[in-house]
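Engineer: Sequence:
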Amino acid sequence: MIDAHSHVFPDVNGHVGDGPTRGIGHGRIKIGDNIISVIPDYGDTTGFTAAMSVAELDAAGIEQTVLLQGPFWGECNDFAAAAVRQYPDRFIAQAYFDPWTDGWQTRLDGFLETPEFRGVKIEFSVPTGLSGVHPGARLDDPELNPAWALLQRENRVLTLDLGGVGSASYQTDAVAHIATGHPDLTVVICHLGQPGPALAGNAALAGLWQAQIELGKLPNVFFDAASLPSFFQDEGDPFPSCRDYIEHAIDIVGPEKIMWGSDIPGNLTVCSYARLVELAHTHTDFLSTAEQSLVLEANAKQVYGK
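Here the sequence shown is numbered in this note's numbering, starting from 45 and rising by one per residue.
Keep in mind the hints are simulated off the structure, nothing from the lab. One or more hints might be untrue.
[As the list claims (entries may be wrong)] Result set (DMTMM-like, lysine to aspartate or glutamate): computed pairs, CA atoms no more than 25 angstroms apart in a straight line:
#, residue 1, residue 2
1, Lys261, Asp184
2, Lys261, Glu198
3, Lys261, Asp217
4, Lys345, Asp62
5, Lys74, Glu107
6, Lys345, Asp228
7, Lys261, Glu160
8, Lys261, Asp288
9, Lys345, Asp329
10, Lys74, Asp62
11, Lys345, Glu157
Please put together the full structure from these sequences, using the hints given.
Structural biologist: So this is what it looks like as structure tokens:
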């Protein structure tokens, strides 16, 4: 199996719309005056290192994982690249990319010259991503077209977290514009479009979610299904709605467009990694063995493999 969505970081040192995020140890971070628990208690540090990740992978029998980044944890491109160098057979990495800050062109050139990076990830959600840091930002801003063109030309992957359904960051139309305008650019949308309890009984939100999943009918758009158990925590294990939404999405775009992901270490507060791996099988048990292998391994190899 391949985990298409996880994180490593030396400590939490980020910035979101509500202000700086700082690790204070024992799995907790401070955002402004608020203190929240975000990962398991690993002692005085609030980090999750490459060695810690590999230990989880080994214990659960996972071959490889894709390392993603975002403003909430804090930019750690050097740390992620070092993880790939240390464990080249276990990690694939996407660079942290903020195209709404000065000098992004130079930084993007640098990422493309760094062999450890397969592409870039834009964490765009409002509460924990760049849409909160840069209110009003649009993914279809014409000034960003050179970035998408360069990623396409260099055969790289653009990974997007578009946040909650109906939020300012949920820019399905903008992603359609990018994907159709750059048909050779591989685009991955995180979290299966972020379904959640709010969609039940709300036809408008359900329609927005389905419209985003419909993007997967484009040949160059894929999804990871990371973190779904955290969206449905109130249901309790085995989080049956996760299976329902995965099945619905696969009915629309097919099993060849979905990749399993865990979103550890954050989801380790929901259940153990071993249990997340078990749930990956449970939530896809409606598929044939061959189709299930696409979701659990082969699609990630195709999308993120060099």
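Engineer: Decide, hint by hint, whether the structure agrees.
Structural biologist: Verification of the hints:
no.	hint	verdict
1	Lys261 - Asp184	20 angstroms, holds
2	Lys261 - Glu198	23 angstroms, holds
3	Lys261 - Asp217	14 angstroms, holds
4	Lys345 - Asp62	36 angstroms, violated
5	Lys74 - Glu107	34 angstroms, violated
6	Lys345 - Asp228	17 angstroms, holds
7	Lys261 - Glu160	30 angstroms, violated
8	Lys261 - Asp288	19 angstroms, holds
9	Lys345 - Asp329	21 angstroms, holds
10	Lys74 - Asp62	11 angstroms, holds
11	Lys345 - Glu157	22 angstroms, holds
Violated hints, in rising order: 4, 5 and 7; the structure is consistent with all others.
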